[in-house]
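S.K.: If you want the building blocks of each chain, they are given just below.
There are 2 protein chains.
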Amino acid sequence: MDLGGAGGRRAALIGALREAVRSGRLAPGTRLPPYRSLAADLGIARNTVADAYAELVAEGWLTSRQGSGTRVADRVAAPSPGPVRPATPPPLPYDLVQGKPDPGAFPRAAWLAAARHALTEAPHEAFGIGDPQGRTELRHALAEYLARVRGVRTAADRIVICSGAAHALRLLARVLGGGAAGPWAVEEYGLPFHRGLLTEAGVATVPVAVDGNGARTAEIPRHARAVLLTPAHQFPTGGPLHPERRAGVLEWARVSGGLVVEDDYDGEFRYDRRPVGAVQGLDPDRTVLLGSVSKSLSPALRIGWMCLPAGLVDRVVAAKGVREPHTSATEQLTLAGFLASGAYDRHVRRMRQRHRARRDRLAAVLAERVPAVRVTGIAAGLHAVVELPAGTERAAVAAAARHGVAVEALAGYRHPEAGGRPHQDGLVVGYATPPERVYGPALDALCAGLGEALGDVSGSTSGRAALSPPPAGPSS
Amino acid sequence: MDLGGAGGRRAALIGALREAVRSGRLAPGTRLPPYRSLAADLGIARNTVADAYAELVAEGWLTSRQGSGTRVADRVAAPSPGPVRPATPPPLPYDLVQGKPDPGAFPRAAWLAAARHALTEAPHEAFGIGDPQGRTELRHALAEYLARVRGVRTAADRIVICSGAAHALRLLARVLGGGAAGPWAVEEYGLPFHRGLLTEAGVATVPVAVDGNGARTAEIPRHARAVLLTPAHQFPTGGPLHPERRAGVLEWARVSGGLVVEDDYDGEFRYDRRPVGAVQGLDPDRTVLLGSVSKSLSPALRIGWMCLPAGLVDRVVAAKGVREPHTSATEQLTLAGFLASGAYDRHVRRMRQRHRARRDRLAAVLAERVPAVRVTGIAAGLHAVVELPAGTERAAVAAAARHGVAVEALAGYRHPEAGGRPHQDGLVVGYATPPERVYGPALDALCAGLGEALGDVSGSTSGRAALSPPPAGPSS
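Chains as they are written, first to last, in the working numbering: chain R, 14 to 489; chain Z, 14 to 489.
Extracted from the complex, chain R is given alone in its bound form (with noise of 0.2 Å):
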């Protein structure tokens, strides 16, 4: 390397000049100085100052014509300023939105053992193109870890990875065809966002109503051409479904022929008993289970995948296009060995007794401060729902936000069809985010916020409808 010598000085030539242009200093149109003369000027090699006008002549900074020298192109445009965003307001100090694990759990040295190993393990295809289905290592390893854990019946051959359950949505939507393929049936309460996909896909979604034992099966609607549940918790209110509505919901897909997707988003968090395995396992062939660590790790690594009936599995390949968009390799083969070695249901446990303390600590504070409210929902995952008072959702967002928590109506998660039983109040509190140094301060500032809002209702328990009773499922 020679930045010292002529090479080092051409460069710094052409970025001298380029940002003469760039900035307007030579206008354009400017004739340059003969190289020879600025050559001498600049005391460097003739050759050097020619060199860096015919690379500005290359690139179109300048323009060389025979007998009229070297000038400034005049179709340099300056660049328009960037853009003007919105101003975001800065983030509530406390965040009880649900759906993310803490940012600082994350387990950065196990992660980075599992990279060393997996980028000095790799056999050298590994770097090359990968296939669209996922790297085989990492679909064996969640093979065996979905067996193991949620009872799900699948094989490596039968598994694609995502980026996660939006992706496997969007796959899904493309695969089974948008609006004459018939509509999706989707739980009357379920993540607006999952909604908005399937609508942005041509997919029409039809609610089905939800109690304590999840999602009514009885009444998905013969037509529909899937429908998307969640059956180890419903989200967002929170019971299990119950045993006979997986019976239902598999009959549903036997008559009907519709495909049953299992959004499995949290099926690793339960705290009563052990996890309740997945509906797929009881029918590999009519049902799509869906997962990810985005829960359990992190949302940033955007790792997920779909354990896919057979006949599936070539046409999600194909609707996830050649190579694009792939998980990267180098992180496939790193969750492949965090798995394989323990560490991640090691985390995972770790994770168990802490979303559980921090369950029990929600449920505990409320019942003691804002006897009003009724918490519901927690035998598993990383949210409850606050049932409220009638008519109070509103006016306990907007408290809790001047106290600093942001947290989420149930109202929003409701499907805007949805009809039945009139809404329940309520609020879906996300318990895993914080801190833990940050967690008690936000419990006092939810009740603080639920006491100012529910003020003039405190005590009182009309209005307030059982939403989720206790599963009445079969426990021995």
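Hint data in this document are derived by calculation from the structure and do not stem from the laboratory. All figures in this text were calculated on a predicted structure; none of them were measured in a lab. Be aware that a few hints might be false.
Any copy will do: because identical chains look the same in the list, a pair fits if it lies in one copy or spans two.
Straight line, CA to CA, 20 Å or less: simulated EDC-like cross-link-like pairs of lysine to aspartate or glutamate [claimed, not checked]: (1) K113 x D144; (2) K113 x E138; (3) K113 x E449; (4) K113 x D298; (5) K113 x D358; (6) K113 x D373.
Chain Z: place on chain R using the hints.
M.R.: Quick look at chain Z alone, frame taken from chain R:
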């Protein structure tokens, strides 16, 4: 942990019963022994058996009704066999298909060092839900790098991280609108994959003729919504876009209001002199620059970028969609550090030397052994075009395959509607992929195949047209 205790026994019993139902050993409808007697038989606590039954009922494997005991559910379907894929032929031993660096050349140690730094130093929020635009650290590092090396005029807030050029084209097609907005002009020789993406997105493509000075920009239709160009190194024929044509395409953009999409796929790998700067630097408000690490580092990482006019940033971010598909935040941080530390420059420099040596060897070997062909498009990149006598292209690809060489015909890159000059027969020879020890044998096999295919015309030069004369650039 009590794997040997009641929890472990319960888990073992659940696993064994599930497997028995799955495999059919316990047929649907079979009545299970009362848990008291099974507990006695197995010598374990009654509660353990009761818990296991309850769990399997909750999962749907068993049913439990008052009075009829616990039975195997009749709805557990056996999974159908996995997809039967067509047997893919084993890959040929010598891979001279363009577009991929040698996966064995990936800088594992340097990348791991960057990953370690990223995982250690990242702020906690890096493990939270990320910005769909991409990590700010990476966008800043890219803005600096692209200005320095490619003459790009951009800023971190104008860069959107994506998973590669294909992802970028899909996003742009969506943002600019489909058929109604007008077709895209594309070079008459180009990547069929890219044309296919646009077609799939509802965008028609119109071919623009290509000669030794790159695309004939005067022929870009006025009504085209955008033009997709490879100015640094026309893909795959090989020349840089002539300065007058650089001016021409920007003039087209100004007059028509169209967008220039600059696929800067291998701009760093130029061998005759310094890399030709990007067209983007001349008019950042009418040009989108697309780049990625797929050629420089590895396609397995799935990291690319778009440098956008200010007015397109928010629309592209919106088209990307919330959360999916993102690139992993840890990978983004790793690349940011890899760029900032100079490791990327070092790797590119090493690869440039290696590619150049391979290119020289290809040209020398063919000149000596297959004089009927001409090697062109070699001033840059990871591939060359081997021009063949007219009518020999298919035979050459087939003969190469017989000698174990995977290589592509130039015809495959031609736009189906390309008119004008007749097709120049040729091979697109990627010289970057084989491992070092395999490159010599690969060239030998290529020569053998070409000798076989051209045996009857060897020595004759009739039928050859000069597709790519050396650029008539004004390099002083």
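S.K.: Now tell me, hint by hint, if it's right for this structure.
M.R.: Evaluation of the provided hints:
1. K113 x D144: between (29 Å within a copy, 14 Å between copies)
2. K113 x E138: Answer is between; shortest inter-copy Cα gap is 11 Å, intra-copy 34 Å.
3. K113 x E449: within (14 Å within a copy, 46 Å between copies)
4. K113 x D298: neither (31 Å within a copy, 37 Å between copies)
5. K113 x D358: within (19 Å within a copy, 37 Å between copies)
6. K113 x D373: Only inside one copy: K113 and D373 sit 18 Å apart there, 54 Å across copies, limit 20 Å.
The earlier numbered hint that this structure contradicts is number 4, and it is the only one.
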